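Participant: Sequence:
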Amino acid sequence: MKNLFRIDVLHPAGVAAVACTALLTLAGCASTPPHSDAHMAVAQAAVEHANTPGTSQDAPMELQLATSKLVAARTALADKNYERADQLAEEVQIDAKVAELHAQSARSRRAAQESQAAAAALRDEISRNTTR
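Yeah, the sequence shown ends on 132 if you go by this note's numbering, and it's all consecutive.
FYI, nobody ran anything at the bench for these hints, they're computed from the structure. From a predicted model like this one, the values you see are computed outputs, not experimental measurements. Be careful, since some hints might not be right.
[Unchecked claim] Have a look at the derived ranges for each label pair, beta carbon to beta carbon: (1) LYS97 - VAL71: 15 to 21 Å; (2) ALA78 - SER105: 32 to 38 Å; (3) GLU125 - HIS49: 37 to 43 Å; (4) GLN104 - ALA78: 29 to 35 Å; (5) PRO53 - GLN113: 15 to 21 Å; (6) TYR82 - ALA121: 57 to 63 Å; (7) ALA45 - SER105: 20 to 26 Å; (8) ALA41 - GLU125: 53 to 59 Å; (9) THR131 - ARG107: 17 to 23 Å; (10) ARG84 - ALA117: 46 to 52 Å; (11) ASN81 - ARG110: 37 to 43 Å; (12) ALA120 - GLU83: 51 to 57 Å; (13) ASP79 - ALA118: 32 to 38 Å.
Ideal placement from N, C-alpha and C gives every residue a C-beta, glycine not left out.
Given these sequences and hints, build the entire structure.
Facilitator: In structure tokens form, the structure reads like this:
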């Protein structure tokens, strides 16, 4: 069976087809700004997800950094500085995640300290009961 969709790139019509496809692809890339509202929406969602009472308490600086960069990204987008807006939107996502992880680490550290204190109290109780 013969392949009906095969393009012979050595044939002049094949060369023209490949060239047109390449030019249209490049033209499409050149006319579309690299930004998108989706980048901003994802950055906004990352900050909203990170903005919890625990994170506000345990990682306020990291959360503030993400929030400040989100404002800067919106400003860059409004100024049509799409490359900077995209860069900042990516940084916002990272900073928001860092804030979440820092807060989670602080909670884990407190839980470990509480467990150690409970274990020490239990050891003391056991040693008092065995010395009677």
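Participant: Using the C-beta atoms of ALA120 and GLU83, is the stated range 51 to 57 Å upheld?
Facilitator: 55 Å, holds
Participant: May I ask you to test the hint 15 to 21 Å on the CB atoms belonging to PRO53 and GLN113?
Facilitator: 20 Å, holds
Participant: Measuring from beta carbon to beta carbon, are ALA41 and GLU125 in 53 to 59 Å?
Facilitator: 54 Å, holds
Participant: At the C-beta level, are LYS97 and VAL71 separated by a distance inside 15 to 21 Å?
Facilitator: Once the Cβ atoms are compared, 18 Å apart, the range 15 to 21 Å for VAL71 and LYS97 holds.
Participant: Go ahead and decide if the range 32 to 38 Å is satisfied by the Cβ distance of ASP79 to ALA118.
Facilitator: Roughly 55 Å apart at Cβ, these two residues miss the hinted range, so it is violated.
Participant: Within 37 to 43 Å: is that where the Cβ-Cβ distance between ASN81 and ARG110 falls?
Facilitator: At 42 Å between Cβs, range holds.
Participant: Evaluate the given range 46 to 52 Å for the C-beta pair formed by ARG84 and ALA117.
Facilitator: 49 Å, holds
Participant: Between TYR82 and ALA121, does the C-beta distance stay in 57 to 63 Å?
Facilitator: 59 Å, holds
Participant: Is the gap between the beta carbons of ALA45 and SER105 within 20 to 26 Å?
Facilitator: Holds: the Cβ-Cβ distance is about 22 Å, inside 20 to 26 Å.
Participant: Just tell me: holds or violated, for the beta carbon distance of GLU125 and HIS49 against 37 to 43 Å?
Facilitator: 42 Å, holds
Participant: Check the following: the C-beta atoms of THR131 and ARG107 are separated by a distance inside 17 to 23 Å.
Facilitator: 37 Å, violated
Participant: Do the Cβ positions of ALA78 and SER105 conform to the proposed distance bound of 32 to 38 Å?
Facilitator: 35 Å, holds
In summary, the numbered hints that this structure violates are 9 and 13.
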